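With chain A held as given, fit chain B onto it using these hints.
Chains as they are written, first to last, in my numbering: chain A, 225 to 560; chain B, 112 to 458.
A few of these clues could be false.
As the list claims (entries may be wrong) - Okay, the calculated beta carbon distance ranges per label pair:
1) A:Phe434 to B:Lys355: 40 to 48 angstroms
2) A:Gly546 to B:Asn333: 42 to 50 angstroms
3) A:Ile534 to B:Asn458: 26 to 34 angstroms
4) B:Pro410 to A:Asn410: 34 to 42 angstroms
5) A:Ile349 to B:Ala243: 49 to 57 angstroms
6) B:Lys334 to A:Phe370: 48 to 56 angstroms
7) A:Ala277 to B:Ala378: 39 to 47 angstroms
8) A:Gly382 to B:Asp158: 28 to 36 angstroms
Unchecked claim - In the DSS-like style, the derived pairs of lysine-lysine whose C-alpha atoms are separated by at most 27 angstroms in a straight line are:
9) A:Lys408 to B:Lys453
10) B:Lys279 to B:Lys143
11) A:Lys391 to B:Lys334
12) A:Lys457 to A:Lys366
13) B:Lys225 to A:Lys408
14) B:Lys360 to B:Lys377
15) A:Lys408 to B:Lys230
16) B:Lys144 to B:Lys228
17) B:Lys334 to B:Lys360
18) B:Lys143 to B:Lys229
19) B:Lys456 to B:Lys144
20) A:Lys408 to B:Lys251
21) B:Lys352 to B:Lys143
22) B:Lys230 to B:Lys144
23) B:Lys408 to B:Lys280
24) B:Lys301 to A:Lys391
25) A:Lys391 to B:Lys251
26) B:Lys229 to A:Lys408
27) B:Lys251 to B:Lys377
28) A:Lys391 to B:Lys321
29) B:Lys279 to B:Lys352
30) B:Lys457 to B:Lys230
31) A:Lys408 to B:Lys456
32) B:Lys225 to B:Lys457
33) B:Lys301 to B:Lys270
34) B:Lys280 to B:Lys143
35) B:Lys456 to B:Lys230
36) B:Lys143 to B:Lys230
37) B:Lys225 to B:Lys251
38) B:Lys408 to B:Lys228
If you're looking for bench data, these hints aren't it; they were derived computationally from the structure.
Nothing here was measured: the structure is a model prediction, and the numbers come from that model.
Every residue, glycine too, gets a C-beta built ideally from N, C-alpha and C.
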Amino acid sequence: MKKISKKSTAPSSEGAVDLNFLGRVRSKIQDPFFWSDWLVVVAFVFVIAFFGAIAPAEFLTLWNLNNILVAASIPAIIAVGQTFTVLTAGIDLSVSSTMTFGAVTFGLAFTNGWPLWQCVLIGTIAGTFVGLLNGLIIAKRKINDFIVTLGMLSVASGAALVLSDGKPRQVISESLATLAIGDKANIPYLMMVAFVIVVVAHFVLFHTRFGTHVFAVGGDPESARAMGISVVKIKVAVYVISGALAGFAATLAISRIGSAEPAANTSILLNSVAAVVLGGVSLFGGRGTIFGPFIAALLLQSLSNGLTVIGVAAYYQYLSIGLVVILSAALVRTDK
Amino acid sequence: MKLNRFVKVALVAVASSSLLIAGTTTSTAATKKLKSIRVAAVVKGLDNPFFIGIKEGIEETALKYGVYANVQAAPGLNDDIGQANKLDSLAGQNYDCYIVIPISSNNLSQAIGKITKKKKTVINIDSPVDAASLKAAGGKITSFAGTDNFAAGKAGGEKMVAAIGAGKKIGLIAGLAGNVTSAARVDGFKAGAVGATFVGPVNADWDTTKALDAANAMITANKDLAGFFAANDQMAQGVGKAIKAAGLKIPVYGVDGIADALNEVKAGSITATISQYPYVMGQMGVEACIIAAQGGKVPAQTITPYYIIDSANITAALTNKSTRGYFPNQTPPGTYTNPYTKLIKKN
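With the rest of the complex left out, here is chain B:
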């Protein structure tokens, strides 16, 4: 008798709880509550402040909307396989949406293919996934949000030629050999700097010291250099040191807008940085995820903003501080379009 009653109670409990579960699942399928949305992100190595900026954007935006976000990074700088392993590990879990930044244009394609098979959403930010390898792996990317690196480089080229005049010699410092982002920035700069001649590009692997050495060598070999373009800020810092050591007064432009570079723009050791807004990329990634989870239509591609920060607008840029201070420029010192925010349903 006692047992019977216990069984009955248990049965009722199980039945009611399963009803409850059934009830909640059907209601979330219709309009997913913000609180129940789970986002996973796999970014590049966190030894670069740029990706810390993206991580910050993802985490703070998730916090703002009340969605859950798990941000993971590649285990090492060039660890393309390790990054794929991370995405594989997360792919089997209970996430609604995955935000990815591939180390190379191909390395995450197969992992994305597996996620697509599970009918989950993938949002690509910053560096694009190669379309051919994605197609071969059966993967689908719902939305891409990233900087047009070519356009950013081109704007820098135009600005530098306007400052130093046409027909001058400019030194080019590139990032890792074969890196798509570096190539786009350098090619963009060359396209923008109409009429200039170029020395390089020399690959300094995104590294300050290597860029310092490379710039020293270029200055020694070319006394008539009128300016430098480095494909990121860390290298621009190295170039700035080389220029100072050589006693020259020529401009150096970097790209990214990291904290140190902004301080150096203020101090004058770097002339300008073509700032990107990793925070905004992270933010757009999470917002795209929310729209997809709510069953909305996500814009397929969005170009995130870039701004040339130099002595003219450095003060405005520096007042726009991040709460954690890794990438001081959370948002640009001006207007930009974010097509995602308005598509989110508040619930």
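If we strip away everything but chain A, and leave its shape as in the complex, we get:
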């Protein structure tokens, strides 16, 4: 009784100095921005704890946690690129077919006997090129991101089919196989690659002038322009980043499935958008982190893995993953 009355009288918004701990926690959890940053972490911990409690012997094994990290690595990289475009209030709907386009160029180079590093490079360049086209059309011609990248989704997947003649190219390479299934200290190589990209992206976004400009352009393009920031350059740059990362992720995809597939994998796109929203990046631009979407990518894969491990029928999995995405988006109201 005493405690409750104390709790209800103590916190006052003006007397911020003498806020006790509970009061501070309360005002924190009432702040919508706190939730946009931390909900994904809470949800991730909850999902791990939930499946860990239901199936400790199956879910919480090194083998299985390793699987989750492997599964999350490609979505994490794509989500990083997507975060950059969304931070400028844009969106890149072409990521899945950009990745396919990168994979197909990789596959062509590989079948023509190019060394592996050149294959990786050409795949990344192919993705960068698609991103550059996206950025130039969006920024120079001032056309809606949604429409341009939706068009590019089709263009890039068409280009991938034309280049590959619709045929998968088998890529069997010892080093790629090691990349796909190897690990060090139980951390899979694929996740290490993804994590390096996440850390670099975090540094670029929060510790460079370019990063500040990205936030400025996303937050208020007019003031950004008034401050002398080239909105066009920043816009082009974020799509180049998204395209390059999608092209690079093609290498990881090829390492996992052992071939360059000509048909686009649309789950990649849906996953990246879901991760960005769950990760607390505002769809209106100017607000967000890199680690949020990264944790969200882990969360989505943990959810999918956990449901499979405990044997939830496939139909209910579609339902539950969709519900989690909508529910979290409803909780994280980042609109201004």
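Showing chain B alone in chain A's frame:
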């Protein structure tokens, strides 16, 4: 004293229970009881009735023998990596056997390699896993059960030429670009339709509407088309609509034998469907798993049956109903060989 007694009781309990466990494990190692066999399956997207048919076959056969089955599907239509993730998630679990249908011929090879390392059985049904990529990943497939798509297409080609006569022009509608199944069916049809000339194949991505559009375009450009072959039933339905709209009376053959297609064969808007029996594939997959778990010798490869269903045998086909009705043709309206059933030990 009290504590001591408690400890003693606990010790006895632990000892006896571990004995019990030891006892059961040794006995199952010799001949695995049906009830203790656990099967996991990863199929393709369940947005296609064909794979629902396979799922049904797996689940009902498991139920019949009393084994446990967990059927999972790829999260999306072309989600090759997502499907590999699913198999990875199941690979670490306590299953005796894994039934797989890869989305592309390569995408599950590495996951299968991991399962082989754990000395578990993998049974491949429907679409074959590529041998080279499987070898590179160190994977092993104990048994394959699937349709010979080339032979099924070829039978369709022969039948159509017999019906319309040689030297005619036939339109070809294929599935997704680069899809092995689609290519085998179309190539088989061409090999069977001796003396015919072909328009296409045009890729309609297994989709009814896209096939309708493609067939419309082909009819407009080629007034002398004498027939159509579509690499699956959903596309054949689209072609059937296009033929009707153009006021033509030419045959269209599909492949698969899905519920809607059988109804349309009865109604006459599709001429024939070269029926496959996904239910039988699922059934054979589970049976192969049981044989392997019981330590028996599993047949390495089995060709599952296909039947051409047209106006002559549609009534028989339609009476052969599934309990859940997704793929009405559970088993063919005739005889077929199943080398697995007789090898299972009932215990």
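To see whether the hints hold, each was checked on the structure:
1. A:Phe434 to B:Lys355: 40 to 48 angstroms: violated (60 angstroms)
2. A:Gly546 to B:Asn333: 42 to 50 angstroms: For Gly546 (chain A) and Asn333 (chain B) the Cβ distance comes to about 44 angstroms; the hint holds.
3. A:Ile534 to B:Asn458: 26 to 34 angstroms: For Asn458 (chain B) against Ile534 (chain A), whose Cβ atoms are near 29 angstroms apart, the range 26 to 34 angstroms holds.
4. B:Pro410 to A:Asn410: 34 to 42 angstroms: Since the Cβ atoms of Pro410 (chain B) and Asn410 (chain A) sit about 40 angstroms apart, the hinted range of 34 to 42 angstroms holds.
5. A:Ile349 to B:Ala243: 49 to 57 angstroms: violated (28 angstroms)
6. B:Lys334 to A:Phe370: 48 to 56 angstroms: violated (42 angstroms)
7. A:Ala277 to B:Ala378: 39 to 47 angstroms: The hinted range 39 to 47 angstroms is violated for Ala277 (chain A) and Ala378 (chain B), with Cβ atoms some 54 angstroms apart.
8. A:Gly382 to B:Asp158: 28 to 36 angstroms: 23 angstroms Cβ-Cβ, so the 28 to 36 angstroms window is violated.
9. A:Lys408 to B:Lys453: Judged against 27 angstroms, a Cα distance of about 47 angstroms means the pair is violated.
10. B:Lys279 to B:Lys143: Measuring from Cα to Cα gives roughly 58 angstroms; hence the hint is violated.
11. A:Lys391 to B:Lys334: violated (31 angstroms)
12. A:Lys457 to A:Lys366: holds (13 angstroms)
13. B:Lys225 to A:Lys408: Since the Cα atoms of Lys225 (chain B) and Lys408 (chain A) sit roughly 17 angstroms apart, the hinted pair holds (cutoff 27 angstroms).
14. B:Lys360 to B:Lys377: Holds, at roughly 16 angstroms.
15. A:Lys408 to B:Lys230: holds (23 angstroms)
16. B:Lys144 to B:Lys228: Holds, because 24 angstroms separates the two Cα atoms, which is no more than 27 angstroms.
17. B:Lys334 to B:Lys360: holds (12 angstroms)
18. B:Lys143 to B:Lys229: It holds: about 18 angstroms lies between the C-alpha atoms, which stays within 27 angstroms.
19. B:Lys456 to B:Lys144: holds (9 angstroms)
20. A:Lys408 to B:Lys251: At roughly 26 angstroms apart (the allowed maximum being 27 angstroms), Lys251 (chain B) and Lys408 (chain A) satisfy the hint.
21. B:Lys352 to B:Lys143: violated (53 angstroms)
22. B:Lys230 to B:Lys144: Status holds; Cα separation ~19 angstroms.
23. B:Lys408 to B:Lys280: Violated, because 48 angstroms separates the two Cα atoms, which is more than 27 angstroms.
24. B:Lys301 to A:Lys391: holds (20 angstroms)
25. A:Lys391 to B:Lys251: Holds, at roughly 25 angstroms.
26. B:Lys229 to A:Lys408: holds (20 angstroms)
27. B:Lys251 to B:Lys377: Between Lys251 (chain B) and Lys377 (chain B) the Cα gap is close to 43 angstroms, so the pair fails against 27 angstroms, i.e. violated.
28. A:Lys391 to B:Lys321: holds (20 angstroms)
29. B:Lys279 to B:Lys352: Status holds; Cα separation ~21 angstroms.
30. B:Lys457 to B:Lys230: holds (24 angstroms)
31. A:Lys408 to B:Lys456: Not satisfied, since the Cα-Cα distance of roughly 44 angstroms exceeds 27 angstroms.
32. B:Lys225 to B:Lys457: violated (31 angstroms)
33. B:Lys301 to B:Lys270: It holds: about 12 angstroms lies between the C-alpha atoms, which stays within 27 angstroms.
34. B:Lys280 to B:Lys143: violated (57 angstroms)
35. B:Lys456 to B:Lys230: Between Lys456 (chain B) and Lys230 (chain B) the Cα gap is close to 22 angstroms, so the pair holds against 27 angstroms.
36. B:Lys143 to B:Lys230: Holds: Lys143 (chain B) and Lys230 (chain B) sit about 16 angstroms apart, inside 27 angstroms.
37. B:Lys225 to B:Lys251: Answer holds: Lys225 (chain B) to Lys251 (chain B) is near 10 angstroms, not above 27 angstroms.
38. B:Lys408 to B:Lys228: The hint holds at about 20 angstroms.
The earlier numbered hints that this structure contradicts are 1, 5, 6, 7, 8, 9, 10, 11, 21, 23, 27, 31, 32 and 34.
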